[in-house]
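Q: Given chain H's structure and the hints, the job is docking chain A onto it.
Chain by chain, the residues run as shown.
Number of protein chains: 2
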Amino acid sequence: MFFKLQHTSGGARAGVIETAHGRVETPIFMPVGTAATVKGVFHRDLREVGAQIVLANTYHLYLRPGTEVLEAAGGVHRFCGWNGPVLTDSGGFQVFSLADCRKISEEGCRFASHIDGSRHMFTPEGVVDIQRSVGADIMMAFDECPPGTADRAYAERSLGLTERWLERCWERYECTDPKYGYRQSLFPIVQGVVYPDLRERSARFVTQFPADGYAIGGLAVGEPAEDMYAMIEVVNGVLPADKPRYLMGVGTPENILEAISRGVDMFDCVMPTRNGRNGMVFTTEGVINLRNERWKSDFSPLDPADLSFVDRYSKAYLRHLTISGEMLAAQIASLHNVAFYMWLVKEARRHIADGTFGEWKPQVLSKITRRL
Amino acid sequence: MFFKLQHTSGGARAGVIETAHGRVETPIFMPVGTAATVKGVFHRDLREVGAQIVLANTYHLYLRPGTEVLEAAGGVHRFCGWNGPVLTDSGGFQVFSLADCRKISEEGCRFASHIDGSRHMFTPEGVVDIQRSVGADIMMAFDECPPGTADRAYAERSLGLTERWLERCWERYECTDPKYGYRQSLFPIVQGVVYPDLRERSARFVTQFPADGYAIGGLAVGEPAEDMYAMIEVVNGVLPADKPRYLMGVGTPENILEAISRGVDMFDCVMPTRNGRNGMVFTTEGVINLRNERWKSDFSPLDPADLSFVDRYSKAYLRHLTISGEMLAAQIASLHNVAFYMWLVKEARRHIADGTFGEWKPQVLSKITRRL
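Chains H and A supply the protein sequences, listed in that same order. The opening residue of the first sequence carries number 1 in my numbering; numbering runs sequentially from there. The opening residue of the second sequence carries number 1 in my numbering; numbering runs sequentially from there.
So that you can see chain H by itself, here it is in the shape it has in the complex (with noise of 0.2 Å):
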């Protein structure tokens, strides 16, 4: 993996990142596809509207297809379909918050699958592996996630055990080898929940290995947003300027903004996906409820700004199909949010490009942060 940073303005970046799987040209986001599908978007249409680079999740996958069934697909692009860079999470999120009678030890974390309660382990050592099976353009390093709410003395502790596990991944990554012929990179992730001196000593510990990019997690999981905004600007202040830097599960469109604005290059979030399947869309023109009787009879298209071919159907139609249950009601919200997300970014940009990102920023949240 390459990195070429092309522009700045004020503290954010813009840059581009090269893998084996093609180019991904930053700030960018990436739609979750958590089990190698990003919920209700055909990969066709995630192409047509911008996206470059998705997220699958390392946990999700084990489970299910499994790694043999991966494996013998010659990795999750040829499974999938989808033949752009894959970026996998380590799965320890998810077993932290979706896995049934976790326990965490030095050795790793105990858990029992949510889909039938069969136990597993993962170990740093065996999520590297599985993200090897996966055949992921970028790997994440194996972390404890502490809520945003942890005290010091757990967050101290926490951070430790990560630092442990950090070294234990990246001995694994190592000495293990691609198993389909491409790099994979191998992200570390600095946490430290929101206290600076842990953040920057996280900060300080990752840059000791010479990764191709840096993750920042444990943010956006109930902290204040300045608290998150905070502990950017501290992390950012330690991370090298000529590595992508990727602030994992954020956000909302301005949390998204701001971190850009502080030098974040990478995000991922389920909330176009998520949100479009519960009925709210996010347009240029303000935030809106499809069941808001508001809509009844406004036949204006979606989204004027035309972000993709769904935006052509109308207020009124999308909101008979949402109060009426149609699945096709999720589908074109969640392809409209993707597309809003991929247009924000790609703005975005083009702003740092120009050098107008400070003054375009507040403008435009004015507009997309409204409610409809």
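A portion of the hints provided could be inaccurate.
No distinction is drawn between identical chains; accordingly, a pair holds when it is met within one copy or between any pair of copies.
Below, a list of computed lysine to aspartate or glutamate pairs in the DMTMM-like style, where the Cα atoms sit at most 25 Å apart [unchecked claim]:
{"id": "1", "residue 1": "Lys296", "residue 2": "Glu71"}
{"id": "2", "residue 1": "Lys346", "residue 2": "Glu359"}
{"id": "3", "residue 1": "Lys367", "residue 2": "Glu347"}
{"id": "4", "residue 1": "Lys367", "residue 2": "Asp311"}
Everything labelled a hint here was simulated from the structure, so no lab data went into it.
A: Just chain A now, with coordinates in the frame of chain H:
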């Protein structure tokens, strides 16, 4: 509306219907868009797989979004964004099968909405008015649809009512104008359960009305397939050759080809989308149950005939999505199955034009009805 018969091959017919919203080549399959959406399929993808005309349900549209919204939109085409021809059924079948507390009288049918229990009445005049508001290119007369096991006395009594209702529908049709400036055709419906003399009487009765086409209703509702084919033969022996014949709610690929060989031109059925949502896929090589263990590591494409872009997804991936309860499974299977039905009638048409329909039918059926 204008129909031109172009070719025959044995009893099978190929023709063309011209409507205000475009041309339909027969024999044709009409995907079912109950609530103005073919479940799980974008209009763009419908077009791409060769859909030429879609069916919508008067009963559903009347309840939601309601005629007020449809009129404000300027009709169903503008409301939903499908600009090809639309056919609406009369709502009779839905009232009898879906609604609660239905009560049939000479006047019409009282019923309670399956959505909110609200009380309504459908009359022959009323359903013509509703279909005028919907703006369908082809409307259906209001009929009673008795079960396929109805005894002769019930069948005869019911047919009498359907005949009187047709007279009232026709009168209303004649004395009302389209609301949106384009021609709407009204098709009478032949009933008579499985009694040849009643079917013949009904066919003779409906042909008194100078309609643009005629429908055959009350079949594929529980009677043996052989009875259905026998009734089609009786009815098509009476219906005029220069008007299209629409067999309502039918059916399996085999039913459709058998009916085509007996002179039917138009079909609709929920099977491609409903079966698709349930993990059953029709392919050019046979029928697939997506849940089957057999597909776990079968990375061959869903259908080698490449009937639509989703056919390139692998069986193993589609099985994974199905097992995982991912909505993309329903989307892929629904779109593919619609593509399969469109392919089937297009191939039938080609073989009718070539004069080889009779040889082709058993060959293709032996392939596509296999269980893989």
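Q: It remains to establish, for every hint, whether it holds in the given structure.
A: Evaluation of the provided hints:
1. Lys296 x Glu71: between (49 Å within a copy, 12 Å between copies)
2. Lys346 x Glu359: Within one copy, since 16 Å is at most 25 Å while 57 Å is not.
3. Lys367 x Glu347: within (14 Å within a copy, 52 Å between copies)
4. Lys367 x Asp311: within (18 Å within a copy, 41 Å between copies)
The earlier numbered hints are all upheld by this structure, with none contradicted.
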